[in-house]
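J.: In case you want the letters, here they are:
2 protein chains.
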Amino acid sequence: MSRHFLAESSIELSGGDYGIVAVVAVVALAALVIGYFLLREVLAAGQGTEKMQEIAKAVQEGAAAYLNRQRKTLAIFGVIVFLLLFALPADDWNEAIGRSVFFLIGAIFSFSIGYLGMWLATRANVRVAAAARESGGREKAMRIAFRTGGVVGMFTVGLGLFGASVVVLVYTGQAPKVLEGFGFGAALIAMFMRVGGGIFTKAADVGADLVGKVEQNIPEDDPRNAATIADNVGDNVGDCAGMAADLFESYAVTLVAALILGSAAFSASGAGLVFPLIIPAIGVITAVIGIYITRARAGESGLTTINRSFYISAVISAVLSAIAAFVFLPDSFDGAEGNPAVIATVSVIIGIALAGVILWLTGYYTGTEHKPVKDVGKTSETGAATVILSGISVGFESAVFTALVVGAAVYGAYLLGGAVALFAVALAGTGLLTTVGVIVAMDTFGPVSDNAQGIAEMSGDLEEGEGVQILTELDAVGNTTKAITKGIAISTAVLAATALFGSYSDAIMRALADVNASLGEVGDSFVDRIIEPNTLVGVVIGAAVVFLFSGLAINAVSRAAGAVVYEVRRQFRDIPGIMEGTTRPEYGKVVDIVTRDSLRELATPGLLAVFAPIAVGFGLGTGALAGYLGGAIATGMLMAVFLANSGGAWDNAKKLVEDGHHGGKNSEAHAATVIGDTVGDPFKDTAGPAINPLLKVMNLVSLLIAPAVVQFTVGPDASVGVRLAISLVAVAVIVVAIVVSKRRGSVMTQTPAEQSTNA
Amino acid sequence: MSRHFLAESSIELSGGDYGIVAVVAVVALAALVIGYFLLREVLAAGQGTEKMQEIAKAVQEGAAAYLNRQRKTLAIFGVIVFLLLFALPADDWNEAIGRSVFFLIGAIFSFSIGYLGMWLATRANVRVAAAARESGGREKAMRIAFRTGGVVGMFTVGLGLFGASVVVLVYTGQAPKVLEGFGFGAALIAMFMRVGGGIFTKAADVGADLVGKVEQNIPEDDPRNAATIADNVGDNVGDCAGMAADLFESYAVTLVAALILGSAAFSASGAGLVFPLIIPAIGVITAVIGIYITRARAGESGLTTINRSFYISAVISAVLSAIAAFVFLPDSFDGAEGNPAVIATVSVIIGIALAGVILWLTGYYTGTEHKPVKDVGKTSETGAATVILSGISVGFESAVFTALVVGAAVYGAYLLGGAVALFAVALAGTGLLTTVGVIVAMDTFGPVSDNAQGIAEMSGDLEEGEGVQILTELDAVGNTTKAITKGIAISTAVLAATALFGSYSDAIMRALADVNASLGEVGDSFVDRIIEPNTLVGVVIGAAVVFLFSGLAINAVSRAAGAVVYEVRRQFRDIPGIMEGTTRPEYGKVVDIVTRDSLRELATPGLLAVFAPIAVGFGLGTGALAGYLGGAIATGMLMAVFLANSGGAWDNAKKLVEDGHHGGKNSEAHAATVIGDTVGDPFKDTAGPAINPLLKVMNLVSLLIAPAVVQFTVGPDASVGVRLAISLVAVAVIVVAIVVSKRRGSVMTQTPAEQSTNA
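If you read the sequences in order, they're chains A and B.
The working numbering puts the first residue of the first sequence at 5, with every later residue one more than the last.
The working numbering puts the first residue of the second sequence at 5, with every later residue one more than the last.
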């Protein structure tokens with residue numbers, strides 16, 4: 005079976021095609037409008053007592069302060085990358101400028117979605133808490149929480165689709181190149197938001213627990229704990245802002261991959277640039293349906309309600325996608341066998357089905373009602389060590405099955421696609437995308453309910469009773485939906501990365517053709533590459549980077565949590581009256597400390613993600629870089645699911661014990677599960693979810709540098725000196741970043757004095 | 005740069021070559037003789053008090069009983085594989101019979117080395133304990149422990165080298181094919197010994213600790229604990245027998261890879277079959293020197309003594325190897341550029357240097373005197389969760405750096421080797437091998453001292469004082485040498501697997517040529533493979549199998565430990581007088597239970613290792629299988645080091661606290677490190693070390709099935725039906741094995757009744 009390589013700027017859109025893309029753009033704008041109306045509905049809800057509003061305000065201010073400071077840091081970084089992109093080869097100035105400009109637009113969109121997610125969540129939390137106090141509170145609270153997610157979902161799909169369709173309208177044949185910039189901007193910022201927010205939320209959470217629960221023996225969210233506000237801020241900047249940016253990035257990059265490969269599959273007509281936009285447009289419609297049909301029924305668990313919405317909208321998406329395929333696709337691919345409509349329909353359905361299976365699989369491994377979490381709960385009777393071991397086993401096992409399911413989906417699309425195999429994989433990705441609107445809505449559930457519970461607890465205005473129960477139920481549902489979202493996100497990462505991996509190879513082929521190497525030679529050099537240790541070394545380095553990234557993220561949380569521990573201890577010691585509840589602790593100080601530390605800590609993993617592919621590509625060549633990407637995708641997929649699901653299982657095992665199993669709250673079994681949960685915190689909320697944007701950033705960097713790597717490897721410009729110089733600079737950046745972060749110390753028990761001596 | 009493919013049976017050895025190989029065989033036999041004299045020296049030492057001998061006897065009987073039962077299980081499996089090997093394509097009957105017969109010989113050698121390691125260790129332990137009581141005890145105890153290791157080291161290199169040289173003498177041109185069988189036999193049995201022994205030792209250890217230390221609050225090795233004898237048996241069947249078989253396998257497989265690739269590099273002369281035998285023969289000589297110069301000096305730590313021996317013998321190996329290269333290698337490769345003597349010398353030195361760096365790196369990450377373990381110790385002040393997190397960070401980080409160092413060695417050899425790159429990688433492997441004799445001697449140190457301490461404690465015949473201190477010091481040194489050995493073992497795995505990976509590709513090429521596909525077509529199909537999702541799916545599955553294997557091994561330990569917990573609890577409850585020390589517990593019962601469970605548990609991971617490559621190869625094709633091997637090697641390397649070093653760091657962090665840091669014994673910090681150590685037990689002694697033989701088994705299975713896969717994929721015999729049928733059978737075997745093990749339950753807290761209901 006022969007393969008298609010990217011046709012260069014040869015695509016022209018017909019008038020009809022322009023019309024369709026314009027309609028897609030209008031649908032995208034409509035999504036934004038619907039999002040706006042949902043937003044108004046959420047904000048119109050009652051805000052509860054004065055005390056609750058006061059606490060909510062503190063959280064709002066802290067979260068806004070963090071994101072504003074993060075914006076300044078990222079802006080500098082964004083401008084540097086904007087300029088650096090001009091250094092990479094491009095066909096003409098139009099393309100080079102478009103790529104850089106849309107890099108900025110992708111970055112801004114990504115940040116904005118994150119900011120919106122935080123902004124709204126910090127306003128929705130208090131409203132959910134207030135609703136829980138009213139009569140019929142359960143339905144009202146659930147509605148507000150889910151509608152909040154709906155706003156973010158609508159803005160995610162709206163901005164993603166709008167950006168992509170504008171690129172196609174403006175750049176047509178050059179759209180793929182410009183889209184690389186758009187996707188890169190979205191992925192890069194999302195990665196920073198995920199890492200920074202993830203460090204923030206878990207540093208505050210772990211720090212608060214270590215002093216509050218462990219040392220002072222006061223309950224979670226107790227207002228006497230100086231870290232409580234920071235903990236609530238963390239839920240919003242990590243789970244809301246980070247997650248929203250991450251899903252936006254998943255959406256944008258998958259779309260980008262489908263458009264790049266679509267333009268290769270239908271190089272003569274515009275179908276390849278149009279069809280990948282139609283599927284997500286269908287997703288917008290079904291997401292709206294999904295969000296509006298989600299109504300809590302009495303006596304039904306919240307998860308059942310959400311699942312029903314998901315499955316209904318998934319089926320509608322599948323049906324509409326099939327119709328679209330038969331209406332809009334031409335009868336044949338250019339020079340390749342197979343019926344486009346059939347291939348596209350089945351591919352999209354594979355993607356939608358994959359979302360459903362992941363939903364079920366993650367629910368099984370992390371839900372309190374299934375065997376794995378029950379088993380972890382049981383091991384709490386023999387102490388913390390067995391809790392850790394059983395959680396790790398659950399994580400490994402679920403990672404394996406998730407990887408096999410995703411692998412099967414990729415392989416299914418691949419078999420089906422024949423000569424357009426990669427396009428089929430990318431289409432499966434767009435199928436998965438049609439569910440993103442509902443997924444985002446589901447995910448936001450978790451942090452908003454968590455925060456609502458925190459506000460209720462801190463204000464003391466929600467006494468034991470129905471209101472508390474409602475919020476506890478929503479929080480448990482949120483734990484599972486959060487795990488599910490992570491599973492879906494990493495699946496989109498694998499599909500998009502696989503497709504991009506193909507695009508990378510295409511880019512290499514094209515660049516090689518450009519430097520006048522005959523195709524025969526190209527073939528030969530690839531034969532060499534696959535079987536030589538070179539490629540295998542690339543695979544090893546790719547896998548190693550995932551391990552390093554995870555280790556750095558976990559370590560960063562430990563360090564930042566250590567600073568929180570010292571500050572909270574100091575306040576208990578130096579400020580009289582905190583323990584008695586007569587003086588308020590200085591919440592803002594802790595927020596400031598975590599803000600400063602998270603922003604400092606995100607640099608090392610971020611630089612690693614950007615510079616590692618540069619070091620490998622220029623240093624070891626294109627074959628090693630291909631191996632690098634393969635190793636990173638495979639290990640990253642497993643590691644991400646392992647970290648997310650073992651963390652989720654520990655969290656819910658703790659919930660099981662708190663619900664009265666195995667001795668209940670304050671038993672030794674409970675203490676054992678608290679240890680498990682603390683270990684799981686940076687697993688599931690920092691390291692695990694950040695691997696998803698990491699994979700995309702590394703693939704996009706590789707795609708962007710591919711022509712330059714070839715330029716300096718073969719052909720007239722080949723220069724070992726230049727190649728090695730670039731590689732060494734990249735290595736130096738990574739080494740310096742790691743050394744700096746190492747010097748900050750590697751343990752949370754370091755005193756601030758020790759840390760500053762080391763810094 | 006063009007590549008060499010394996011020449012088929014065209015090699016003839018000259019009379020001089022025969023002479024050299026015969027000399028190598030004699031050197032190998034000399035190693036066995038030296039081993040025998042060392043053995044007599046160890047056995048001649050005093051055996052201590054009657055009580056000590058009584059305990060030692062119980063351990064001897066338990067260990068022998070386990071290995072005898074394991075032998076029966078493995079014999080059946082061995083015979084089946086012996087027959088199955090005939091089903092695979094071979095050039096003629098001579099080759100087919102040789103492959104199967106040497107498979108059996110490799111298997112028997114592997115088992116025998118393991119048995120010998122156990123047999124001797126269970127006799128040396130009591131002698132070390134006895135020596136520690138005498139005056140000048142430190143030097144005497146150390147000498148016995150190290151000489152015990154020397155015996156195993158001499159037998160490991162002697163049998164490995166003897167087997168390989170006999171194959172070369174008898175089969176010459178067909179030697180590579182027959183060697184595949186020899187290596188496969190060694191690796192397969194070693195994997196089972198590692199997994200079974202690893203499960204045994206940690207199930208007994210964890211089970212003993214959970215009831216003894218945690219529930220009954222009695223010290224480790226207390227004779228009132230019914231699991232103590234089983235724990236001591238475990239040290240011998242796991243750390244001695246399993247490790248010895250594992251290192252023998254590493255030795256044999258690396259040698260096999262070097263001989264296979266050597267015969268490709270010098271297809272006209274016999275140099276490629278002779279030189280890879282000369283290097284390990286040099287290793288025998290330097291190992292003897294290393295073992296005899298190891299003498300403890302007063303006031304010097306045990307680790308310094310051992311390191312000195314290692315470095316001196318490494319330098320001697322390097323010098324002698326260089327001389328051998330210039331004397332024995334021809335002036336040029338067949339049809340490839342480069343000076344063989346220079347390439348070989350530098351490659352061997354790369355391997356030796358790699359061993360030195362790994363030694364240092366592992367010592368740094370797991371030694372009590374360096375920062376990482378001290379940091380983990382520090383985190384004990386904030387509880388178990390932070391101990392776990394910091395240990396995991398240390399594990400990730402050390403895995404990354406170890407992987408990069410090994411990757412650099414592979415890449416260095418690759419760059420150097422040019423057209424014979426893979427041969428250079430294999431030669432680096434033989435360089436590493438020259439250190440194996442000393443490494444085995446070092447490793448045996450750990451379990452022997454550990455056991456000596458246990459016997460001393462149980463007998464009560466070694467009161468507090470110098471004797472106890474000596475044994476404690478030796479035990480701590482043993483912890484680090486054990487971790488170092490694992491680092492070296494996994495490095496040999498990566499070098500050998502990389503070389504075998506290349507052999508696999510060669511085998512595919514040859515098989516393709518056999519079915520008359522033109523080379524041009526072959527090239528094209530490879531181009532397809534690397535860039536298509538198919539290969540990436542293979543990488544994902546390969547990485548997933550490593551995760552699954554690790555999870556299965558950890559789970560098996562949990563389950564078997566659960567059975568121990570119930571039995572020890574039962575004995576405390578039902579047998580009066582145990583706690584008062586008036587009645588002896590029934591030690592044998594616990595040994596029986598662990599024996600039965602370990603043998604039952606090793607089936608699933610074992611079957612997975614053998615059948616997964618078959619499923620992938622026949623199901624998805626040769627490209628996916630190549631990806632599979634790459635993914636498994638990369639992830640396996642990282643996972644093995646992560647598991648070994650985080651476990652080692654936790655173990656020694658506990659030792660730090662027990663030495664009086666952070667509150668000392670029985671403080672809360674101590675409890676936190678005990679949890680860390682318990683989590684680390686199955687990491688470092690079951691799952692981690694078993695990954696090494698796993699990688700070799702999977703590579704060798706792939707190499708063996710490669711021609712058959714090609715036969716059913718392309719050419720006249722191609723049949724999708726046959727291919728899928730074979731693949732489905734393999735998948736079915738794996739699924740059944742997993743389901744059976746799942747039904748046994750997945751938690752250690754299951755009662756035996758629950759387990760048998762499920763089974």
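One or more of the hints may lead you astray.
Derived DEER-like restraints, expressed as beta-carbon distance ranges [claimed, not checked]:
hint : chain 1 : residue 1 : chain 2 : residue 2 : range
1    : B       : I579      : A       : N670      : 52 to 60 angstroms
2    : A       : N343      : B       : V174      : 25 to 33 angstroms
3    : A       : V733      : B       : D226      : 53 to 61 angstroms
4    : A       : V740      : B       : G668      : 47 to 55 angstroms
5    : B       : A722      : A       : R75       : 36 to 44 angstroms
6    : A       : V740      : B       : E341      : 45 to 53 angstroms
7    : B       : A412      : A       : N670      : 48 to 56 angstroms
8    : A       : K76       : B       : V740      : 57 to 65 angstroms
9    : B       : L732      : A       : Y315      : 48 to 56 angstroms
10   : A       : S305      : B       : L732      : 32 to 40 angstroms
Quick caveat, the hints were computed from the structure, so don't treat them as lab data.
The C-beta atom is built at its ideal place from N, Cα and C for all residues, glycine as well.
J.: Against this structure, judge whether each hint is valid.
T.: Against the structure, the hints:
no. : hint                                  : result
1   : B:I579 <-> A:N670: 52 to 60 angstroms : violated, 34 angstroms
2   : A:N343 <-> B:V174: 25 to 33 angstroms : violated, 59 angstroms
3   : A:V733 <-> B:D226: 53 to 61 angstroms : holds, 60 angstroms
4   : A:V740 <-> B:G668: 47 to 55 angstroms : violated, 39 angstroms
5   : B:A722 <-> A:R75: 36 to 44 angstroms  : violated, 60 angstroms
6   : A:V740 <-> B:E341: 45 to 53 angstroms : violated, 38 angstroms
7   : B:A412 <-> A:N670: 48 to 56 angstroms : holds, 52 angstroms
8   : A:K76 <-> B:V740: 57 to 65 angstroms  : holds, 59 angstroms
9   : B:L732 <-> A:Y315: 48 to 56 angstroms : violated, 31 angstroms
10  : A:S305 <-> B:L732: 32 to 40 angstroms : holds, 39 angstroms
The structure does not agree with the numbered hints 1, 2, 4, 5, 6 and 9 stated previously, though it agrees with the rest.
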